[in-house]
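K.L.:
Chains as they are written, first to last, in the numbering used here: chain Z, 1 to 273; chain C, 1 to 305.
For the record, the hints were derived by calculation from the structure and aren't laboratory data. In this text, a Cβ means the ideal position worked out from N, Cα and C, and glycines have one as well. Be aware that a few hints might be false.
To be verified - Just some of the chain C residues that point at chain Z, by a computed CB distance under 8 Å:
hint: 1; residue: VAL126
hint: 2; residue: VAL130
hint: 3; residue: ALA143
hint: 4; residue: CYS144
hint: 5; residue: SER147
hint: 6; residue: GLN163
hint: 7; residue: TYR167
hint: 8; residue: THR168
hint: 9; residue: ALA290
To be verified - Here are the simulated distance ranges between beta carbons:
hint: 10; chain 1: Z; residue 1: TYR231; chain 2: C; residue 2: GLN163; range: 56 to 66 Å
hint: 11; chain 1: Z; residue 1: THR226; chain 2: C; residue 2: LEU297; range: 34 to 44 Å
hint: 12; chain 1: C; residue 1: VAL90; chain 2: Z; residue 2: PHE127; range: 33 to 43 Å
Unchecked claim - Now the stretches of chain Z that chain C is said to cover, found in silico as 3 or more residues with beta-carbon under 8 Å:
hint: 13; region: 47 to 55
hint: 14; region: 59 to 73
hint: 15; region: 98 to 108
hint: 16; region: 121 to 129
hint: 17; region: 143 to 149
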Amino acid sequence: MTRIAARTAALLSLLLITLAFLGPFVWVLIASVQPESTLSAAPTAAFSLDNFAAVLTWETVFLPLINSIVISGSTAIVTVLVAGLAAYPLSRFQLRYGRHFMLTLLFTTGLPMTAVLVPVYSMFFRFNLYGSVPAMVLFLTASSLPFSIWMMKNFMDGVPVSLEEAAWVDGAGWVQSLRAVVGPLMAPGIAVVAIFVFVGQWGNFFAPFVLLDTPDKQPAAVTVFTFFTQYGQAAYGQLAAFSILYTAPAVVLYVAVNKYLAGSFNFGGSVKG
Amino acid sequence: MTIATAPSAAVTGSPAGGPPRPRRLLRWLLPMAPALVLLVLFMAGPILWSVYIAFTNETLTGSASVNSRFVGFDNFVRMFGDPNFLNSFVLTFVFVVGSAVIGQNTLGLIIALLQRGRGRVTRGVVNGVVIGAWVMPEIVAAACWFSFLAEDGTLNTALGLSQEWLYTAPMLAVILANVWRGTAFSMLVYSAALSEVPPDLVEAAAVDGASPLRRLLHITLPLIRRSIMANLMLITLQTLASFGLIYALTGGGPGTASQTTPLYMYEQAFRYFEIGYGSAVALVMLVIGALFSLVYLRLIRVEDA
Numbered sequence: 001m002t003r004i005a006a007r008t009a010a011l012l013s014l015l016l017i018t019l020a021f022l023g024p025f026v027w028v029l030i031a032s033v034q035p036e037s038t039l040s041a042a043p044t045a046a047f048s049l050d051n052f053a054a055v056l057t058w059e060t061v062f063l064p065l066i067n068s069i070v071i072s073g074s075t076a077i078v079t080v081l082v083a084g085l086a087a088y089p090l091s092r093f094q095l096r097y098g099r100h101f102m103l104t105l106l107f108t109t110g111l112p113m114t115a116v117l118v119p120v121y122s123m124f125f126r127f128n129l130y131g132s133v134p135a136m137v138l139f140l141t142a143s144s145l146p147f148s149i150w151m152m153k154n155f156m157d158g159v160p161v162s163l164e165e166a167a168w169v170d171g172a173g174w175v176q177s178l179r180a181v182v183g184p185l186m187a188p189g190i191a192v193v194a195i196f197v198f199v200g201q202w203g204n205f206f207a208p209f210v211l212l213d214t215p216d217k218q219p220a221a222v223t224v225f226t227f228f229t230q231y232g233q234a235a236y237g238q239l240a241a242f243s244i245l246y247t248a249p250a251v252v253l254y255v256a257v258n259k260y261l262a263g264s265f266n267f268g269g270s271v272k273g
Numbered sequence: 001m002t003i004a005t006a007p008s009a010a011v012t013g014s015p016a017g018g019p020p021r022p023r024r025l026l027r028w029l030l031p032m033a034p035a036l037v038l039l040v041l042f043m044a045g046p047i048l049w050s051v052y053i054a055f056t057n058e059t060l061t062g063s064a065s066v067n068s069r070f071v072g073f074d075n076f077v078r079m080f081g082d083p084n085f086l087n088s089f090v091l092t093f094v095f096v097v098g099s100a101v102i103g104q105n106t107l108g109l110i111i112a113l114l115q116r117g118r119g120r121v122t123r124g125v126v127n128g129v130v131i132g133a134w135v136m137p138e139i140v141a142a143a144c145w146f147s148f149l150a151e152d153g154t155l156n157t158a159l160g161l162s163q164e165w166l167y168t169a170p171m172l173a174v175i176l177a178n179v180w181r182g183t184a185f186s187m188l189v190y191s192a193a194l195s196e197v198p199p200d201l202v203e204a205a206a207v208d209g210a211s212p213l214r215r216l217l218h219i220t221l222p223l224i225r226r227s228i229m230a231n232l233m234l235i236t237l238q239t240l241a242s243f244g245l246i247y248a249l250t251g252g253g254p255g256t257a258s259q260t261t262p263l264y265m266y267e268q269a270f271r272y273f274e275i276g277y278g279s280a281v282a283l284v285m286l287v288i289g290a291l292f293s294l295v296y297l298r299l300i301r302v303e304d305a
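Work the whole structure out from these sequences, hints included.
P.N.:
Okay, structure coming up:
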């Protein structure tokens, strides 16, 4: 095969793959701006924002999105605080069981959270925590911690100890040192972990679906599903509009941290612990 | 641990260069306490709790909801005697092998290989579309595929067919949807791995007359084998526990034709409120996940953690 033929074949294959991947997107994008959209993806020339106007009500979009922001946001904030504190001794001191602890965390990231939710549900039921948003946030925080502590420690390792020494000489303890020296220096890392946790919980469907009792507490992940099963057939354009409004924040945040995440896909060398 | 960057704080524990600290134990226990408490209460606790209730007949309704009792291995005997559980097990295996091991893994590798040496615009467009499917929340992905596969949806229109895919081929449908959704992860892993393959090695083989296929099989793939194994483990773990996508697309149906183990577990625990039995199923899933996770830990080299 000549070089040009190989190049053309590669480009054609990529074009084909891209078109195949575009297929399932087509409907959402088209249906959301069609005045009377059905399940069919056949487009008409008509363009309208009626679907967006129709779903932009308190119960359909605003309350679920606010719930999503509260649940994902508080999980992200608590996770960053708790993981940041935990990462400090792991990064700065030679702990006897530090390595075991880090390996256990890595092991935990592999466990199926879907399965953990059955006993969590049973415990919440027994201790009257079923339906409690704060209790669910604490569970979501715990499930985000292993990966977050791991990431935080790596970012903290990048802050040289020498920069802290000046603070110690001035009599600062580890709390001041962490807050005034290490924290600001690893701000981009903290933002990456926070956004990573936020986006992960933004899409989380199973936990709120199982742990929350009333519709007014549910985040958008669950209300999109309810909308889909209840009115999906009849109001497809509205479902598409709702889906776009719900997906947009995740996409924007992903783009924001994209370049920082690039390194985390490299398993070829070694995972830095 | 960062012996390299924190030599003074290491081993001795003397305040020579380290922060002033009251006690050796407190200096690490205090900052780690919130994390340890949360992990014990909401992770280790539920897992141990599931070990306990998996051996009881606990339910949320009926008499066993107040007086659950120890039933030994009854739940496990019942599980492995239930054709629906065994069916779910086989379907989970098919789902993992079909969508992750074969689908996402191979397609991700192919896209990463095809993208090498392409221009920025080409890479940008392909990455944008593939990663877009991955960033999208799983429920929206399910809604996309529901309409894509509908009787007069995009796929049938494009192929000129009239099929109710979700009824006639539910497993194929959820496998394709999961390949679409998850390929980006493998693609990113392989792009990173391939960028570290020295080009002169491959070029030398080309000069020696090795065909592109031989270069791939004998040089490139062996060089990235560690990434391949790590990727296979990670996507297997993610796919094993997959719930939302299948649940929203088919609900496990028609009948139990696409009811993988997480959906079976959901039905038993949350629809029939058989928490004891559901926990036994969860425990089996946890053990399988733990085994894969251990293999994963062996595969990656953890540098002085």
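K.L.:
Does the structure break any of the earlier hints, and which numbers would those be?
P.N.:
When the structure is compared with the hints, numbers 6, 7, 8, 10, 13, 14 turn out to be violated.
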